[in-house]
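Undergrad: Listed below, chain by chain, are the residues.
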Amino acid sequence: GQQVMQIPQYQHVQEGEDFTTYCNSSTTLSNIQWYKQRPGGHPVFLIQLVKSGEVKKQKRLTFQFGEAKKNSSLHITATQTTDVGTYFCAGPYSSASKIIFGSGTRLSIRP
Amino acid sequence: DTAVSQTPKYLVTQMGNDKSIKCEQNLGHDTMYWYKQDSKKFLKIMFSYNNKELIINETVPNRFSPKSPDKAHLNLHINSLELGDSAVYFCASSLLSGGALDEQFFGPGTRLTVL
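Residue numbers (my numbering), protein chains in the order written: chain A, 349 to 459; chain B, 298 to 412.
Simulated from the structure, these hints should not be mistaken for lab results. A hint or two may mislead.
Cross-link-like lysine-lysine pairs, in silico, DSS-like; alpha carbons within 27 Å at most [claimed, not checked]:
no.	chain 1	residue 1	chain 2	residue 2
1	A	Lys384	B	Lys337
2	B	Lys333	B	Lys306
3	A	Lys405	B	Lys333
Just so you have them, the derived chain B footprint on chain A, three or more residues with Cβ under 8 Å [claimed, not checked]:
no.	segment
4	391–401
5	448–454
Partial chain A-side listing against chain B, Cβ under 10 Å, derived [to be verified]:
no.	residue
6	Gln385
7	Ala426
8	Thr434
We put the beta carbon where it would ideally sit given N, CA and C, even for glycine.
Build out the structure end to end from the sequences listed, making use of the hints.
TA: Here it is as structure tokens:
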């Protein structure tokens, strides 16, 4: 079946360092979404990418969708303590209205 | 105003009991979902309803039965609770017919602990 893998599983960085999480799908995706879940919280939608090679920015966050639409990345520049949480990518699978979440990357930050 | 609300927030119960979790959204969305998040943070879809009709039913034990009295509500009833049911259950909603192009709005979650 379709799988959406995320790496790394954990990342511990010094505040101010950059952070990147990668999402890889076993099949081509029509679109990909990114969510952030703070510790003890619920997933919150960040962005959706639809076009091949698309790059979108939200302040210090940069999202990319691969040319083949099988992978995506989220890069955070100069991390802050407010960036702590688990970042999930999510993509549709099969022809039905389903969405599959990646395994998530948990970001922790040393102040 | 809370967009997607769930009750209760915490649920601690004994094995073998039956329990329900309620979910309500005031966003006017057509589609609602139930997700299970285990201790390793994996988020897995369980059910999806569009306008009170079941459209996704993943491989979930029959002990789990969703019920949608109207499109603003999607409740989850669990019979004969087992230890492995311990998890955080999230309700979510999206605007259109559950298409993956839709942003999903999640509720705060219900932490279920089965003893």
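Undergrad: Report the numbers of all earlier hints that the structure fails to satisfy, in ascending order.
TA: Numbers 3, 7, in rising order.
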